[in-house]
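Student: Line by line, the protein sequences give chains X and B. Residues in the first sequence are numbered consecutively from 2, following our numbering. Residues in the second sequence are numbered consecutively from 2, following our numbering.
Certain hints may be false.
Note that identical chains are pooled: a pair holds if it fits in a single copy or bridges any two copies.
[To be verified] Here are the simulated EDC-like cross-link-like pairs (lysine to aspartate or glutamate), alpha carbons at most 16 Å apart as the crow flies:
| hint | residue 1 | residue 2 |
| --- | --- | --- |
| 1 | 193 | 160 |
| 2 | 58 | 70 |
| 3 | 123 | 160 |
| 4 | 193 | 162 |
| 5 | 68 | 44 |
| 6 | 193 | 164 |
| 7 | 68 | 30 |
| 8 | 123 | 22 |
| 9 | 123 | 48 |
| 10 | 68 | 100 |
| 11 | 123 | 146 |
| 12 | 68 | 48 |
| 13 | 193 | 100 |
| 14 | 193 | 134 |
| 15 | 123 | 83 |
In short, the hints are calculated from the structure, not lab data. If you're wondering where the values come from, they're calculated on a predicted model, not measured in any experiment.
Next come the chains, spelled out residue by residue.
There are 2 protein chains.
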Amino acid sequence: MSLAGSRPQPDGPVRGRPRSEAVERAILEGVMKLLEDGVPLAELSIERVARTAGVGKATIYRRWSGKEELFIDVVRAAEPPDPELPGTSLRDDLVVLLETLRQRGLATRSSALLHNVYAQIKHTPRLWLEYHDSVIAPRRRLALEVLRRARDNGELRADVDLELANDMFVGPMLVRSIMRPDGDLPEDLAEKIVDAVLEGLRPVSSTAS
Amino acid sequence: MSLAGSRPQPDGPVRGRPRSEAVERAILEGVMKLLEDGVPLAELSIERVARTAGVGKATIYRRWSGKEELFIDVVRAAEPPDPELPGTSLRDDLVVLLETLRQRGLATRSSALLHNVYAQIKHTPRLWLEYHDSVIAPRRRLALEVLRRARDNGELRADVDLELANDMFVGPMLVRSIMRPDGDLPEDLAEKIVDAVLEGLRPVSSTAS
Chain X
2 MSLAGSRPQP DGPVRGRPRS EAVERAILEG VMKLLEDGVP LAELSIERVA RTAGVGKATI
62 YRRWSGKEEL FIDVVRAAEP PDPELPGTSL RDDLVVLLET LRQRGLATRS SALLHNVYAQ
122 IKHTPRLWLE YHDSVIAPRR RLALEVLRRA RDNGELRADV DLELANDMFV GPMLVRSIMR
182 PDGDLPEDLA EKIVDAVLEG LRPVSSTAS
Chain B
2 MSLAGSRPQP DGPVRGRPRS EAVERAILEG VMKLLEDGVP LAELSIERVA RTAGVGKATI
62 YRRWSGKEEL FIDVVRAAEP PDPELPGTSL RDDLVVLLET LRQRGLATRS SALLHNVYAQ
122 IKHTPRLWLE YHDSVIAPRR RLALEVLRRA RDNGELRADV DLELANDMFV GPMLVRSIMR
182 PDGDLPEDLA EKIVDAVLEG LRPVSSTAS
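Given only the sequences and the hints, what does the whole structure look like? Please build it.
Tutor: This is the structure in structure tokens:
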């Protein structure tokens, strides 16, 4: 689990408030280290985070009102960056979007830390709401935008219900990666789902089978 | 939440061990009553169940080794009966299977009791495993059997991956009903999903849009 993906350090002229950012980064990495060492959220005190990050408690409280806010920021920072959509076709964009979900599924399975972090979020309604609003909702809006453009282009049927279409692409991947912990996640799963949902499962003509 | 659906009392000649069944029924209904009264699993003692059901503790222990086994049997008994498949076409069978999932989603939303019961199961790995093996797995096998028959009949493409097909039908409904607590569950959702997955989302011909 690393912050590198989502918080790149610019090589060129430094924008923003670099010193403040470095401090923030140290604090977030401190929390991550404690979580990686197996400290549960319940035992994660601001004092302990401050000690691990080498800052004062007041420095933390100036940025976060409590450990839950801090925790959710750690999760947000550890999220993979939003995927770059190729924009070449609906199929290509959808494959990239679903591949991101597959990768997240694999990462969560291989990391007990991530697994526990997500479990804590799901079982804490306030954390779940924050995570939903800041991570899930924007990704969903992006997918709906891709689908809307494709419907306008004629890549999807004109009468397609966009919300339903989104669930049709995302649902099978989420069932595999989240709901069924032993679900198969082969490398070509994103492509297989996208193609099958686009083409449908009926024989092409009644004599095709 | 009622046992009526899954444990019908035969009107004709009584089969099995009627007295034993009546006792078992009283015990399961006792647990259900306690859960409905808001008693959490942690406070559900065998002693309390015995008092509520009007039986001795030994009567319970002869049938269940502990309260978790009892709890899972209550949930199993409260499950809606397996749907009767019309068998007229793949589409008709799938609509019935998905409608069952939609109904379950609606029931879980409207019943704080059911919601809490499922939450307890999901957060207790041993209960989850039991629930999975005794409720989810048989339903999945049934759906896969329906899909296999349809592939043999030519109602599905001959090259269809049955596991993937199952996730394509079930996934959108589960995303709506379980993962997104505010997901729309309109009356015709099962039909819409089944038709859209069978037909695909691409325009029928490239000029169709």
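Student: Run every hint past the structure and note whether it holds.
Tutor: Tested hints:
Taking the closest pair of Cα atoms, residue 193 and residue 160 come within 16 Å of each other only across two copies (12 Å); inside a single copy the shortest separation is 23 Å, beyond that limit. Proximity of residue 58 and residue 70 under a CA criterion of 16 Å is satisfied intra-copy only: 15 Å inside one chain copy versus 47 Å between copies. For a Cα distance limit of 16 Å, the shortest separation of residue 123 from residue 160 qualifies neither inside one copy, at 35 Å, nor across copies, at 38 Å. In this homomeric assembly, residue 193 and residue 162 come within 16 Å of each other (Cα to Cα) only across copies, at 10 Å, whereas the closest approach inside a single copy is 21 Å.
Proximity of residue 68 to residue 44 under the C-alpha cut-off of 16 Å is restricted to the intra-copy arrangement: shortest distance 10 Å within a copy versus 30 Å between copies. For a Cα distance limit of 16 Å, the shortest separation of residue 193 from residue 164 across copies, 12 Å, qualifies, whereas the shortest one inside one copy, 20 Å, does not. Within a single copy, residue 68 and residue 30 get their C-alpha atoms as close as 14 Å, which meets the 16 Å cut-off; across copies the closest is 43 Å, which misses it. Taking CA atoms no more than 16 Å apart as the test, residue 123 paired with residue 22 passes in neither setting, with 28 Å inside one copy and 39 Å between copies.
With identical chains, the CA atoms of residue 123 and residue 48 are never at most 16 Å apart, being 25 Å at best within one copy and 33 Å at best between copies. With identical chains, the CA atoms of residue 68 and residue 100 are never at most 16 Å apart, being 32 Å at best within one copy and 42 Å at best between copies. Taking identical chains as interchangeable, the C-alpha atoms of residue 123 and residue 146 are never at most 16 Å apart, the minima being 27 Å within one chain and 33 Å between chains. Taking CA atoms no more than 16 Å apart as the test, residue 68 paired with residue 48 passes inside one copy only; the shortest distance there is 10 Å, against 41 Å between copies.
Taking identical chains as interchangeable, the C-alpha atoms of residue 193 and residue 100 lie at most 16 Å apart only when both belong to the same chain, with a minimum of 11 Å there against 26 Å between chains. Taking the closest pair of Cα atoms, residue 193 and residue 134 never come within 16 Å of each other, the shortest separation being 29 Å inside a single copy and 28 Å across copies. Neither within a single protomer nor between protomers do residue 123 and residue 83 lie at most 16 Å apart by alpha-carbon distance, with minima of 21 Å and 30 Å respectively.
The structure fails to meet hints 3, 8, 9, 10, 11, 14, 15 from the earlier list, while all remaining hints are met.
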